[in-house]
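Colleague: Listed below are the residues making up each chain.
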Amino acid sequence: MSNSIYITSSCIISNHIVYKNGQPIFENKGLAISDFLVSVYRYLNNQYPKFHKMDNLSKLGWLACELLLQNSFDAAKYKPEETGIVLSNKNSSLDTDTRYLQTTNEIPSPALFVYTLPNIMIGEIAITHGFKGENAFFIFDEFDAAFVQQYVNNLLNCNILQCCICGWVELLNNEYKAALFLIEKNKSANSIIFTKENLIKIYQV
Amino acid sequence: MTDIFISSDNIFSPIGETTAENFEQLKKNVSGIQLHDNRRMSEQTFYAALFDEKKENSISQLQNCYTKFEKLLIASITDALAHTSIQPTDDKTVLIISSTKGNISLLETEAHSNELYQRISLNSSAKIVANHFGFIHQPVIVSNACISGMLAIITGMRLIQTGQYKHAVVAGADVISKFILSGFQSFQAISAAICKPFDAARDGINLGEGASTVVLSSDEKFSSGIKVTGGSVSNDANHISGPSRTGEELYLAINKAMQMANVKTNDIGFISAHGTATVYNDEMEAKAINLAGLQTVPLNSLKGYYGHTLGAAGLIEAVVSIQSLKENTVMPTAGFKNLGVTQPVNICSSLFQSPLHHCLKTASGFGGCNAAMVFSKQ
Numbered sequence: 001m002s003n004s005i006y007i008t009s010s011c012i013i014s015n016h017i018v019y020k021n022g023q024p025i026f027e028n029k030g031l032a033i034s035d036f037l038v039s040v041y042r043y044l045n046n047q048y049p050k051f052h053k054m055d056n057l058s059k060l061g062w063l064a065c066e067l068l069l070q071n072s073f074d075a076a077k078y079k080p081e082e083t084g085i086v087l088s089n090k091n092s093s094l095d096t097d098t099r100y101l102q103t104t105n106e107i108p109s110p111a112l113f114v115y116t117l118p119n120i121m122i123g124e125i126a127i128t129h130g131f132k133g134e135n136a137f138f139i140f141d142e143f144d145a146a147f148v149q150q151y152v153n154n155l156l157n158c159n160i161l162q163c164c165i166c167g168w169v170e171l172l173n174n175e176y177k178a179a180l181f182l183i184e185k186n187k188s189a190n191s192i193i194f195t196k197e198n199l200i201k202i203y204q205v
Numbered sequence: 206m207t208d209i210f211i212s213s214d215n216i217f218s219p220i221g222e223t224t225a226e227n228f229e230q231l232k233k234n235v236s237g238i239q240l241h242d243n244r245r246m247s248e249q250t251f252y253a254a255l256f257d258e259k260k261e262n263s264i265s266q267l268q269n270c271y272t273k274f275e276k277l278l279i280a281s282i283t284d285a286l287a288h289t290s291i292q293p294t295d296d297k298t299v300l301i302i303s304s305t306k307g308n309i310s311l312l313e314t315e316a317h318s319n320e321l322y323q324r325i326s327l328n329s330s331a332k333i334v335a336n337h338f339g340f341i342h343q344p345v346i347v348s349n350a351c352i353s354g355m356l357a358i359i360t361g362m363r364l365i366q367t368g369q370y371k372h373a374v375v376a377g378a379d380v381i382s383k384f385i386l387s388g389f390q391s392f393q394a395i396s397a398a399i400c401k402p403f404d405a406a407r408d409g410i411n412l413g414e415g416a417s418t419v420v421l422s423s424d425e426k427f428s429s430g431i432k433v434t435g436g437s438v439s440n441d442a443n444h445i446s447g448p449s450r451t452g453e454e455l456y457l458a459i460n461k462a463m464q465m466a467n468v469k470t471n472d473i474g475f476i477s478a479h480g481t482a483t484v485y486n487d488e489m490e491a492k493a494i495n496l497a498g499l500q501t502v503p504l505n506s507l508k509g510y511y512g513h514t515l516g517a518a519g520l521i522e523a524v525v526s527i528q529s530l531k532e533n534t535v536m537p538t539a540g541f542k543n544l545g546v547t548q549p550v551n552i553c554s555s556l557f558q559s560p561l562h563h564c565l566k567t568a569s570g571f572g573g574c575n576a577a578m579v580f581s582k583q
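Protein sequence lines, in the order shown, are assigned to chains A and B. No gaps in the numbering here: position 56 of the first sequence is 56 in the working numbering, and each next residue is one more. For the working numbering, add 205 to where a residue sits in the second sequence, where the first one is 1.
Read the hints as simulated data drawn from the structure, not as lab findings. No experiment lies behind these values; they were computed from the predicted model shown. One or more hints might be untrue.
Ranges of calculated distance between the beta carbons of each label pair, as one might list FRET restraints [as the list claims (entries may be wrong)]:
no. : chain 1 : residue 1 : chain 2 : residue 2 : range
1   : A       : I25       : B       : K531      : 36 to 46 Å
2   : B       : H241      : A       : N28       : 46 to 56 Å
3   : B       : N262      : A       : P49       : 48 to 58 Å
4   : A       : N190      : B       : E320      : 41 to 51 Å
5   : B       : R324      : A       : A146      : 19 to 29 Å
6   : A       : R99       : B       : N262      : 26 to 36 Å
7   : B       : S247      : A       : R99       : 16 to 26 Å
8   : B       : A225      : A       : S34       : 46 to 56 Å
9   : A       : N15       : B       : E315      : 24 to 34 Å
10  : A       : N45       : B       : L267      : 48 to 58 Å
11  : B       : D295      : A       : A146      : 18 to 28 Å
By construction, the Cβ of each residue, glycine as well, lies at the ideal position given by its N, Cα and C atoms.
Modelling step: build the complete structure from the supplied sequences, incorporating the hints.
Modeller: Have a look at this one:
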């Protein structure tokens, strides 16, 4: 069933290293997470002022997505509703939840409250690229490659989507990992078949 | 495509502990929304649909190691399972949990530690609930803002259609505490009175708590007479906390769900809208309904009865819709008097009975997400 669906790009951000299609492309050790994320933003060299108002979880997911798509995605191939986003993590938005709760002792911050939902990062990515297709956020103890592969495979096989960004974006205190995959129906230069095994192989870089 | 049958369901809310109890209360126009003066939650008084102490005690007979959120889920699933012979211990049954904030209230009362963070995780609650009933597989957890409940049903439908499972127990719950209330207050999104969906004087939401469950199956022998015939999700790609200006994206989801269900506009007997009673949500929905050509179809919002129950809302409202199909009875929109959206929509202002075959359920939420589903009589 899945032999006509491909992983056409991948991006991992982990341990203060960014990997694109399995190759390290940026490293900046020793920084606090928020500073590291800003350094990745500078490396990306895209002016996107909304980045600075995002919480750390959204910044991580948004950066991973920008790097996933950079030089690897032809937006003109798809209608807005043909591209979807299926993400997952372990601790939802807990990193920002604790920050928001601190503000409730004085003046609750609406700017933080809006980020107390994990799917807000899907919204940020959708806004940046105009993606209007299916979107979903799931919570798992750890990256569930089998579930993600089956769920996304079904969306593409049923022609609900033609293209999907999927993966894992987790961040809590000092622990984080982003692993995003671009899933399409056509082969490209670096593409590999969309299987659970290939997702795990890339995830474990 | 595989037919998906509704086998049984439950609503566990401040106005009733079963679907039948809830439906009887709605027929009597009973709302769960009351004025609360609770300084732990808010310095100002507020309207919300919350469990009273008596109800809290009835659910707290469950083990003390369960949180209120988990007790609500367990109470709702227990009743839903009592009305079907589908077994949670069946290898072909999956548990799907929907919530926006789960155990977040523990952050307000407990000392922060890694152990607490682990306890708050939706994974912990899902495991506790799965173990309580003996589900074999790891539960699937959906947390996608205010469409979570509907997305959980759609996920269940897909997991059955792909043949991974035969049955899905889909349950959602949310509990209201200072965390959630203060956030919506900070957005100026809470009405100072009981909410008025689609009304000219609407000025915001009331929050509500509750749980709800639907049990889905691919096997007709478990059917209660209603099928899930269509479901679709879209994103506005416009704003993280405000809805689309055109309603075009919710319309996309409605259109796809109706295509999947193979129904035309005049097949839809009624629409159960999201209808939060914020100025922008209801206006956007009215636009989407018009784009879909459904402006003459009777439409209700149940937020005046339950408040906005967040991760449970899509499930609670779907279950009321399913019961409406079964009883050919459409509920009114509590709080509605005068139409206050720029596009014509046919708001139900009083209960009516009519032969019904299909209904459309919609929801939208933060992050720009929209969901639409069609439920049909067999």
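Colleague: Could you run down the list of hints and mark each one as holding or not?
Modeller: Evaluated hints:
1. A:I25 <-> B:K531: 36 to 46 Å: Between I25 of chain A and K531 of chain B, where Cβ atoms are some 58 Å apart, the hint is violated.
2. B:H241 <-> A:N28: 46 to 56 Å: holds (49 Å)
3. B:N262 <-> A:P49: 48 to 58 Å: holds (52 Å)
4. A:N190 <-> B:E320: 41 to 51 Å: holds (42 Å)
5. B:R324 <-> A:A146: 19 to 29 Å: holds (27 Å)
6. A:R99 <-> B:N262: 26 to 36 Å: With a Cβ separation near 34 Å, R99 of chain A and N262 of chain B satisfy 26 to 36 Å, so the hint holds.
7. B:S247 <-> A:R99: 16 to 26 Å: holds (20 Å)
8. B:A225 <-> A:S34: 46 to 56 Å: holds (52 Å)
9. A:N15 <-> B:E315: 24 to 34 Å: holds (31 Å)
10. A:N45 <-> B:L267: 48 to 58 Å: Holds - the Cβ-Cβ distance for N45 of chain A and L267 of chain B, about 55 Å, lies within 48 to 58 Å.
11. B:D295 <-> A:A146: 18 to 28 Å: holds (20 Å)
Hint 1 from the earlier list is the only one contradicted by this structure; the remaining hints agree with it.
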